[in-house]
Amino acid sequence: MMKETCKLSELPLTVQATVAGFDEKNALTERLRQLGIDEGETITPLFRSPFGDPTAYAVKDCLIALRRSDCSRVTVVTSGETHV
Amino acid sequence: MCDYRIALAGNPNVGKSTIFNALTGLKQHTGNWTGKTVDCAEGRFFHNGRTVSVVDLPGTYSLSSFSREENVTEKALAQEHFDCVAVVLDAGVLERNLTLALQVLSRHKNAVICLNLLDEAAKKGLEIDEKALSELLGAPVVSCCAARKRGLKALQQAITDACEKEPRPNSFYRRFDRDSALLRGCCRTIAQACVRQAFPDRKTRRDRRLDRLMTSKRTGIPLMILLCSLLFWITAVGANYPSQWLSELFEALKGELVTWSERLSVPKWLSGILIDGVYTTLSWVVSVMLPPMAIFFPLFALMEDAGLLPRIAFNLDRFFARCGAHGKQSLCMMMGIGCNACGVTGCRIIENEKERLIAVLTNNFMPCNGRLPILIALILMFFAGSCGGLFASAKAALILVAVLIGCVLITLLISKLLSLWLKSDAPSGFMLELPPYRKPQIIKTLARSFLDRTLLVLGRAAVVAAPAGAVIWLCANIRIGDASLLRHMTDFLDPFGRFIGLDGVIVTAFLLGFPANETVIPIMVMAYCANGTLTDVTNYTQLHALLSANGWTMTTAVCMLLMTVMHFPCSTTCLTIKKETGSLKWTLLAMLIPTVSGVLLCTVVSHLMKII
Numbered sequence: 001m002m003k004e005t006c007k008l009s010e011l012p013l014t015v016q017a018t019v020a021g022f023d024e025k026n027a028l029t030e031r032l033r034q035l036g037i038d039e040g041e042t043i044t045p046l047f048r049s050p051f052g053d054p055t056a057y058a059v060k061d062c063l064i065a066l067r068r069s070d071c072s073r074v075t076v077v078t079s080g081e082t083h084v
Numbered sequence: 001m002c003d004y005r006i007a008l009a010g011n012p013n014v015g016k017s018t019i020f021n022a023l024t025g026l027k028q029h030t031g032n033w034t035g036k037t038v039d040c041a042e043g044r045f046f047h048n049g050r051t052v053s054v055v056d057l058p059g060t061y062s063l064s065s066f067s068r069e070e071n072v073t074e075k076a077l078a079q080e081h082f083d084c085v086a087v088v089l090d091a092g093v094l095e096r097n098l099t100l101a102l103q104v105l106s107r108h109k110n111a112v113i114c115l116n117l118l119d120e121a122a123k124k125g126l127e128i129d130e131k132a133l134s135e136l137l138g139a140p141v142v143s144c145c146a147a148r149k150r151g152l153k154a155l156q157q158a159i160t161d162a163c164e165k166e167p168r169p170n171s172f173y174r175r176f177d178r179d180s181a182l183l184r185g186c187c188r189t190i191a192q193a194c195v196r197q198a199f200p201d202r203k204t205r206r207d208r209r210l211d212r213l214m215t216s217k218r219t220g221i222p223l224m225i226l227l228c229s230l231l232f233w234i235t236a237v238g239a240n241y242p243s244q245w246l247s248e249l250f251e252a253l254k255g256e257l258v259t260w261s262e263r264l265s266v267p268k269w270l271s272g273i274l275i276d277g278v279y280t281t282l283s284w285v286v287s288v289m290l291p292p293m294a295i296f297f298p299l300f301a302l303m304e305d306a307g308l309l310p311r312i313a314f315n316l317d318r319f320f321a322r323c324g325a326h327g328k329q330s331l332c333m334m335m336g337i338g339c340n341a342c343g344v345t346g347c348r349i350i351e352n353e354k355e356r357l358i359a360v361l362t363n364n365f366m367p368c369n370g371r372l373p374i375l376i377a378l379i380l381m382f383f384a385g386s387c388g389g390l391f392a393s394a395k396a397a398l399i400l401v402a403v404l405i406g407c408v409l410i411t412l413l414i415s416k417l418l419s420l421w422l423k424s425d426a427p428s429g430f431m432l433e434l435p436p437y438r439k440p441q442i443i444k445t446l447a448r449s450f451l452d453r454t455l456l457v458l459g460r461a462a463v464v465a466a467p468a469g470a471v472i473w474l475c476a477n478i479r480i481g482d483a484s485l486l487r488h489m490t491d492f493l494d495p496f497g498r499f500i501g502l503d504g505v506i507v508t509a510f511l512l513g514f515p516a517n518e519t520v521i522p523i524m525v526m527a528y529c530a531n532g533t534l535t536d537v538t539n540y541t542q543l544h545a546l547l548s549a550n551g552w553t554m555t556t557a558v559c560m561l562l563m564t565v566m567h568f569p570c571s572t573t574c575l576t577i578k579k580e581t582g583s584l585k586w587t588l589l590a591m592l593i594p595t596v597s598g599v600l601l602c603t604v605v606s607h608l609m610k611i612i
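If you read the protein sequences in the order shown, they are chains A and B.
Each residue of the first sequence is one higher than the one before, starting from 1 at the first, in my numbering.
Each residue of the second sequence is one higher than the one before, starting from 1 at the first, in my numbering.
So here's chain B without its partners, still in its complex pose (with noise of 0.2 angstroms):
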């Protein structure tokens, strides 16, 4: 049990989940930019013998609030009890930032002000009087720097003094109901006293430069797309060593499971289910699917923490205004990438709901996780050349950027269809702020960024792969009549694949990588293999190989692209869109409308590509 049970409010982007992490060690997910916390999340920590749960709360302007995030802040102050808040300022826009710090103080007897990103402050050249500040507020009042570690023992102290302390009222308390005015004067007078440009601000002169090179007409454009192939590209390249390595890993322990049952005599069907099945498939997901992730994100993240995501989102904009969608989706559709759920759940950032729904509804069209490695693998075996070495992976880089850009035009005009047939409310705005840019904490961030995905691709590796393993390797050889029934199955879809463009065999893998994408490759190459199994196929050789060898043409490689790319989203996309969504009808048209589309293009272009 804990003794007490505080909360960490703040506008966004303070800094209130690193100083979350950094109190609790716990790993919340953070990044420079406004909303990338959407969610309460809850963890705890020791002080002088005291155990204090910590709540940290999405961002919020302001307690009167606007987007469905900030609500979730504000009904969390009004209903639950708190021993005490703590509210987290940025120090460099303090005026700002003292809004939400005196509306709290007006409302809660106990809170504590915590003065974060002091260091970013000086660079602006300003300084902060922290006793005047406190004495104005009449509540205690912490300096630290969350991201270096520093002054945290002070807050864990003060946070514990505050909840030990009989709650006394501030200067503050309930002064400002209604009055928005009076707030305002106040926050003007406390800054002007506590705030003093000691320095010329060089850092904000800097920031200006960066972002005339990458918001200017001639240099933004192309600067997105080169950081985009860069971060393919060395994508590309490097998870061809770990991936081989991995594989001729498993390979070789299989090689000994196989020694071994047979000296232990394990039944074969038991072996089958085990080795042929769950192992299998597992390996194939490890080897194939984590070393681009692992790689990926890391580099994603180091473009997330330094503010790049808002500019490429300030930098689209235009586009998306012009379909009737929210500028903010761009950063829903770069969580997409991640995970589709993630970027469901980071909808709620928009806060007009029709441009929300829009958002939700097309998130599907970014390649996730699961599916970008698909798109790798099909990249590199049937479009970037046989040639290899540097030349293949750069052109296999620039080939996924032109997916990408084709998977970004699809959301455009599905939103811009939306948006016609959704009827919308009230006119919204569009707010976006722009971040100061931060030097990601580079070490930090890879490793921790690194540490991540690969548990989070291990961990459904083991939840979703391996039990799908052993249910396909059943499909495959349990015998109905003359055939399996995984055979059954691909030969009765077969009519109607080969009129998309594909075949029986991964109509059937995707419909049973519902669960996780990641087993659609695995699924196809079982029912490939006569045998039911996947036993030699390790690397991309082998597998161009044996899809050359069941009839893949470059027709099918192209479909199976549209088709990674278009169909229905995974079950646990489905469920995030069912609980944020609250409709069972917005769920099955989210499954509708890409997997339509998918079956539309995928027919119209394999009958155009055999006319040619």
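Pulled out of the complex, with its shape left as it was, chain A reads as follows (with noise of 0.2 angstroms):
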């Protein structure tokens, strides 16, 4: 798989992807960071709620659910790698 810059909502499960940046910089972004979603960190989404949304994140050994409505706001790059 290439190198590819997408949004994070837009990720498919079990692909792995480095976050680039956020777009805008809010309580929101701030929150993400302290979570461990920031800048040159890895992240995979692993499996989605039944009805769709939202989808669970695997970031620093954490796993933290995310609506998409919130992913949209974060740029990732995919690594070329999966994670199962």
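Please keep in mind that the hints were generated in silico from the structure rather than gathered at the bench.
Any given hint could be a false lead.
[To be verified] Below, simulated DSSO-like cross-link-like pairs (lysine-lysine); rule was C-alpha separation at most 27 angstroms, straight line:
id : chain 1 : residue 1 : chain 2 : residue 2
1  : B       : K203      : B       : K123
2  : B       : K217      : B       : K203
3  : B       : K131      : A       : K25
4  : B       : K354      : B       : K423
5  : B       : K203      : A       : K60
6  : B       : K123      : B       : K610
7  : B       : K578      : B       : K354
8  : B       : K153      : B       : K131
9  : B       : K75       : B       : K439
10 : B       : K27       : B       : K153
11 : B       : K395      : B       : K610
12 : B       : K354      : A       : K25
13 : B       : K109      : B       : K75
14 : B       : K131      : A       : K7
15 : B       : K439      : A       : K60
16 : B       : K75       : A       : K25
17 : B       : K27       : B       : K439
18 : B       : K354      : B       : K610
19 : B       : K109      : B       : K165
20 : A       : K60       : B       : K123
21 : B       : K153      : B       : K444
22 : A       : K60       : B       : K131
Computed from a prediction, not measured in an experiment: that's the story for all the values here.
These two chains come separately, so use the hints to put the complex back together.
So, in structure tokens, the structure goes:
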């Protein structure tokens, strides 16, 4: 797989990516940073809720559920690896 | 007086409260999810002749806070004096936990690092070099495993040592005031230097498999419903026997009491108040309310400790999102089943003001401790059928689950309406941490939760139900003109009660039950019984007979069920709402919303049922 830039919300399940940046700087993105979703950090969407949203992401050995609307503010670069 | 005062700080769900309980011997509630503790608790321990007071702070990811419960921590650390701050770290996710540790180290000279959940880290195949960590941080590091009570003496020693020593700036003191990039870099470097993946991680892989089962399209929702049904079924079946034994015991004791009061020639009015009023109400509350609660909540605590609650919130979040509410509201609702006052306080985990208000205003739609047994009683008497045995109890459990699903739907509907009406300040994010599954300490959890609930119900019975019993007896026996005070009241309310499918007695019972919903059924029974006491009504069969004799039909039962779920919160919850929202307007609204919707729904349902 090639390196591609996309929004975190568009990242397919189990595809690992690196956080590239945030669309804006506000309380929400600050909170994401505190949870470890930060520039240079790897993140992998693992599974979705039965109704399609939210999605659980693996970050720094933790599992964090995020809604699609919040993830669309985060840009990621796929690193070409999948995570099982 | 205490020699020293220390604080326990740490990320959410790293076991601060477990350590606090182990250190102080107190019994703060713990649970495997982020945001269980929202208020500070204080206790103390003795070590080497010193008394140390310990403050358990709500969990926080960082000292630049975002949610209300984290703000409590930040303020406490900034404004209060602590001789030492013990930072609790989850050894399994060290890097993320270090953010807070470094922030604390940069502000406090005296800090002790407590490395908790080492057993879980070992299961993940991680090895942590404590010596290197201590050197890099410039602070003492104590490893412990609080749930198994390991390493606590060493922690007490380290804390007292730190308190006694002259404060000395560590290597991070005053380094991270504004620079968050530097802070992140430091966390990464330290974590890389101290943590080693020694074995392959089996635990996380097993967790992921379980997660797929709990949250997948095909199995997620059915499993949730199955678990809830099982929970209620065990409650319904299990509660029956102790209820019966208790009521027989109370009945026998009452006979004795009556004999003795006659022998001692106690005045009629006094024995009336004490035996027919206080004792009978008390025995009803204990025999009918206690068994289901003492079975339901320990089992619920097991689910909580295993880490299932956040998964349920995860599965249901979509609906909450659609209704403009926060997914964490479902966690508050689950706490509301225990006690609405606790549920309202728990709403602090929701960061956004508007969403928090919605959660506070709608929490009362979840039937609490005092109302769940009313629902169980109604279902067993009117809906589950009289055939008895396993079939009826399974049916009762399913009906109860259906009622609870109904409660959730009402909550969602009202949340939607509120979110359309209330103005929003800022777009809020939804971030829910799904904690690792933890095997609960079954015996300990069951025993502690059982004891807690029993004490709680008994305490409430003594404080609220006993005086209420006396007051109700007086109402039923003080005569004005040709009828008792209670009679005047029920007659006055009867036309209104009948209009909404109930009767005057039920409406009176809900009104007088404002201090505690536990007393609603005893009040009803006392009002129905001509002689003003609930003499022979100690089990469901007798109660059913009494209710039917007083004109109860299926419609009455359905409306009673609706009204139990939808009426004003109890006095304690109202006070809590006032405290949490700081406004009389919202408190009144929190009373009005369920009452008005309950009255409307009951009117519609009763008239529809009459037509059919």
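Outcome of the hint check:
1. B:K203 to B:K123: 6 angstroms, holds
2. B:K217 to B:K203: 23 angstroms, holds
3. B:K131 to A:K25: 38 angstroms, violated
4. B:K354 to B:K423: Given pair K354 (chain B), K423 (chain B) holds - Cα atoms ~7 angstroms apart, limit 27 angstroms.
5. B:K203 to A:K60: 15 angstroms, holds
6. B:K123 to B:K610: 62 angstroms, violated
7. B:K578 to B:K354: Distance ~16 angstroms between K578 (chain B) and K354 (chain B) Cα, so the pair holds.
8. B:K153 to B:K131: The hint holds at about 19 angstroms.
9. B:K75 to B:K439: Given pair K75 (chain B), K439 (chain B) is violated - Cα atoms ~34 angstroms apart, limit 27 angstroms.
10. B:K27 to B:K153: 19 angstroms, holds
11. B:K395 to B:K610: 25 angstroms, holds
12. B:K354 to A:K25: Distance of about 21 angstroms is within 27 angstroms: holds.
13. B:K109 to B:K75: 17 angstroms, holds
14. B:K131 to A:K7: The given pair, whose Cα atoms are some 41 angstroms apart, is violated under the 27 angstroms limit.
15. B:K439 to A:K60: With Cα atoms ~22 angstroms apart, K439 (chain B) and K60 (chain A) stay inside 27 angstroms; holds.
16. B:K75 to A:K25: It holds: about 24 angstroms lies between the C-alpha atoms, which stays within 27 angstroms.
17. B:K27 to B:K439: With a Cα-Cα distance of about 20 angstroms, the restraint between K27 (chain B) and K439 (chain B) holds, given a limit of 27 angstroms.
18. B:K354 to B:K610: With a Cα-Cα distance of about 40 angstroms, the restraint between K354 (chain B) and K610 (chain B) is violated, given a limit of 27 angstroms.
19. B:K109 to B:K165: Holds: K109 (chain B) and K165 (chain B) sit about 11 angstroms apart, inside 27 angstroms.
20. A:K60 to B:K123: 16 angstroms, holds
21. B:K153 to B:K444: OK: K153 (chain B) and K444 (chain B) at ~21 angstroms, within 27 angstroms.
22. A:K60 to B:K131: 23 angstroms, holds
Going through the hint list in order, the structure does not satisfy hints 3, 6, 9, 14 and 18.
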